[in-house]
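What follows is the residue order along each chain.
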Amino acid sequence: MAVDNKTSWYQRMMRFMDKEAVAGYVFASPFIVGFLAFTILPMIYSLVISFTSYRIASPPRWIGVDNYVRMFTRDPRFIRSIGVTLHYVAVSVPLKVGFALLVAVLLTRSTRLAAFYRSVYYLPSLIGGSVAVSLVWKELFAVKGVINNVLSVIGLPGDIAWIGDPNYAIYVLVLLAVWQFGSSMIIFAAGLKQIPETYYEAAQIDGASSWQQFIYITLPCLSPVILFNLVMQTISAFMNFTQAFIITKGGPMDSTLFYALYLYMSAFNYFEMGYASAMAWVLLVIVGIVTALIFKSSGRWVYYESKGGRW
Amino acid sequence: MMSSMRNRKIVSGIAYHLLVAALGFLMVYPVLWMISGAFKTNYEILNESLKLIPNSFSFDNFARGWKGFGRLTFAGFFRNSAYISTLATAGVTISSAIVAYAFSRLNFPGRQFWFACMMSTMMLPYQVVMIPQYIIFRNLGLTNTYVPLILPSWFSRAFFVFMIMQFIHGLPRELDEAAIIDGCSRYSVFTRIILPLIKPALITTIIINFYWAWDDFMGPLIYLSRPTKYPVSLAIKLFADSTSTTDYGAMFAMSTLSLIPVFSIFLFFNRYLIQGISMSGLRG
Numbered sequence: 014m015a016v017d018n019k020t021s022w023y024q025r026m027m028r029f030m031d032k033e034a035v036a037g038y039v040f041a042s043p044f045i046v047g048f049l050a051f052t053i054l055p056m057i058y059s060l061v062i063s064f065t066s067y068r069i070a071s072p073p074r075w076i077g078v079d080n081y082v083r084m085f086t087r088d089p090r091f092i093r094s095i096g097v098t099l100h101y102v103a104v105s106v107p108l109k110v111g112f113a114l115l116v117a118v119l120l121t122r123s124t125r126l127a128a129f130y131r132s133v134y135y136l137p138s139l140i141g142g143s144v145a146v147s148l149v150w151k152e153l154f155a156v157k158g159v160i161n162n163v164l165s166v167i168g169l170p171g172d173i174a175w176i177g178d179p180n181y182a183i184y185v186l187v188l189l190a191v192w193q194f195g196s197s198m199i200i201f202a203a204g205l206k207q208i209p210e211t212y213y214e215a216a217q218i219d220g221a222s223s224w225q226q227f228i229y230i231t232l233p234c235l236s237p238v239i240l241f242n243l244v245m246q247t248i249s250a251f252m253n254f255t256q257a258f259i260i261t262k263g264g265p266m267d268s269t270l271f272y273a274l275y276l277y278m279s280a281f282n283y284f285e286m287g288y289a290s291a292m293a294w295v296l297l298v299i300v301g302i303v304t305a306l307i308f309k310s311s312g313r314w315v316y317y318e319s320k321g322g323r324w
Numbered sequence: 003m004m005s006s007m008r009n010r011k012i013v014s015g016i017a018y019h020l021l022v023a024a025l026g027f028l029m030v031y032p033v034l035w036m037i038s039g040a041f042k043t044n045y046e047i048l049n050e051s052l053k054l055i056p057n058s059f060s061f062d063n064f065a066r067g068w069k070g071f072g073r074l075t076f077a078g079f080f081r082n083s084a085y086i087s088t089l090a091t092a093g094v095t096i097s098s099a100i101v102a103y104a105f106s107r108l109n110f111p112g113r114q115f116w117f118a119c120m121m122s123t124m125m126l127p128y129q130v131v132m133i134p135q136y137i138i139f140r141n142l143g144l145t146n147t148y149v150p151l152i153l154p155s156w157f158s159r160a161f162f163v164f165m166i167m168q169f170i171h172g173l174p175r176e177l178d179e180a181a182i183i184d185g186c187s188r189y190s191v192f193t194r195i196i197l198p199l200i201k202p203a204l205i206t207t208i209i210i211n212f213y214w215a216w217d218d219f220m221g222p223l224i225y226l227s228r229p230t231k232y233p234v235s236l237a238i239k240l241f242a243d244s245t246s247t248t249d250y251g252a253m254f255a256m257s258t259l260s261l262i263p264v265f266s267i268f269l270f271f272n273r274y275l276i277q278g279i280s281m282s283g284l285r286g
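Chains as they are written, first to last, in this note's numbering: chain Z, 14 to 324; chain C, 3 to 286.
Relax, there's no trap hidden among the hints.
From the structure, some residues in chain Z lie toward chain C, with a derived Cβ separation under 7 Å:
1. 38
2. 48
3. 130
4. 132
5. 140
6. 144
7. 145
8. 149
9. 162
10. 199
11. 280
12. 286
13. 290
14. 293
15. 300
Calculated pairs, DSS-like style, for lysine-lysine (alpha carbon to alpha carbon, straight line, at most 25 Å):
16. 151/Z with 69/C
17. 262/Z with 151/Z
18. 69/C with 231/C
19. 53/C with 151/Z
20. 231/C with 262/Z
21. 206/Z with 11/C
22. 53/C with 157/Z
23. 262/Z with 157/Z
To be clear, the hints were calculated from the coordinates, so they are not data collected in a lab. All residues carry an ideal CB built from backbone N, CA and C; glycine is no exception.
Kindly generate the complete structure, drawing on both the sequences and the hints.
So this is what it looks like as structure tokens:
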């Protein structure tokens with residue numbers, strides 16, 4: 014009798030668990046629990062302490078919006094870090110995405126070697142985030158490094174302090190970013206494959222040059238992918254931390270003091286948790302605005318086939 | 003007439019390959035330079051830096067580098083990295099597959115909402131949650147443990163959930179429906195039908211997350227302060243700081259070793275990597 018009771022309880026339980034809505038929540042629960050515990054809860058906490066002065070050793074003290082006021086009125090290094098980061102994003106992202114597009118198109122020629130080439134070009138973006146590559150990059154651009162060596166071999170001044178000069182240091186990091194165009198290139202290559210061959214055939218019959226085909230077929234068809242790459246690369250450029258931390262440490266003279274780096278220093282070197290949290294929220298707003306601007310502009314240049322485009 | 007056209011085609015073909023190959027060489031040059039530096043003497047690195055082929059291949063740099071610093075050898079750092087990366091990757095793969103099944107196959111109230119939440123986490127700067135997470139883990143006494151580096155991985159990662167979802171969308175729904183009519187529960191549909199079929203997406207997840215976890219620098223930098231706990235990424239940074247005035251060779255040797263997992267992924271699983279990037283980058 015008891016056994017019977019147990020079975021029916023078990024069966025009822027199983028039937029309940031197998032309802033689609035219940036099963037849906039069971040399967041989605043890792044995300045939902047993690048989202049609440051590791052995203053929402055920390056975000057609320059972060060917002061609260063951004064209105065406090067919180068030097069980890071002593072409890073937080075409410076100071077209202079003073080962290081935000083201080084950032085924009087009493088902290089020239091913060092203003093500097095915004096300028097440096099915008100400069101870095103504005104130079105590195107278009108170069109990187111443009112280069113990725115160029116190489117992806119260059120590699121559409123169907124040769125047996127194309128796949129091999131693509132892997133070779135992709136390698137830097139696979140390893141680029143590692144500490145090892147940052148250390149190597151630092152030595153390449155050292156005063157007695159390879160870059161200066163090559164320059165002096167071809168008769169140019171070969172004694173430039175790339176990393177030590179506030180005018181050049183940021184471009185060492187820009188080059189490192191552009192060097193890692195590989196994953197954007199792969200995404201472009203996948204997009205290029207989806208453009209119907211017939212478009213090009215028709216254009217060729219009409220006598221269009223390959224340049225015209227690129228401008229009037231490839232670019233419009235690829236524009237949603239360009240938008241995707243621009244947005245993703247912009248967001249990740251704003252987050253750049255490791256490379257600047259290892260290669261330049263933000264110097265010389267704060268010329269590479271990226272936002273994420275200054276935020277890290279505020280939190281973990283100066284232990285100003287409240288101030289750093291406020292900076293994180295401002296970062297969120299900045300990234301949001303920049304992304305929104307890109308999306309807003311996209312109405313003018315992104316072509317979606319389903320809407321019936323410009324031809 | 004014909005032959006001149008064919009000649010032109012050959013010439014342009016050669017020019018094309020020369021250009022692409024030269025650019026390709028430029029791209030991998032820093033990597034080759036690092037590997038060759040691992041075998042060079044410090045004198046060669048400083049004075050004949052352009053050369054890619056060292057005068058003699060010696061493993062001295064590796065031997066010196068492996069000893070590490072302050073009685074800690076790189077054997078320990080590699081063990082730490084392997085431990086963190088394996089546990090984090092196992093968690094991400096299992097949880098992301100489970101969540102992907104919910105979002106792509108099950109209809110439950112609030113699905114759209116949770117899906118939107120998940121996609122938005124992909125855009126959220128890590129900096130926003132970095133500080134509060136640190137404070138929370140610190141208050142729980144979990145700094146200097148691997149818990150903060152591993153635990154969040156067990157709650158799925160949007161990038162991989164999205165990628166696996168793309169894969170599940172490609173499987174015919176009739177498979178699930180037939181199984182359910184035959185009396186399968188949704189749990190056995192997942193374990194017996196979906197899981198075996200999404201193996202390629204799982205392999206891609208394992209590969210990409212493993213090397214992300216292996217490369218991770220900021221997480222260990224924030225949470226670990228005892229060098230015995232350091233993973234390789236943090237250890238070579240400390241190693242370079244403590245020796246950079248003299249021992250470039252050893253630094254390059256350890257840098258090269260630290261990239262071996264990534265290199266082997268590149269050599270043996272490249273297909274999965276490329277597939278993963280193109281699938282999550284482009285919807286449908």
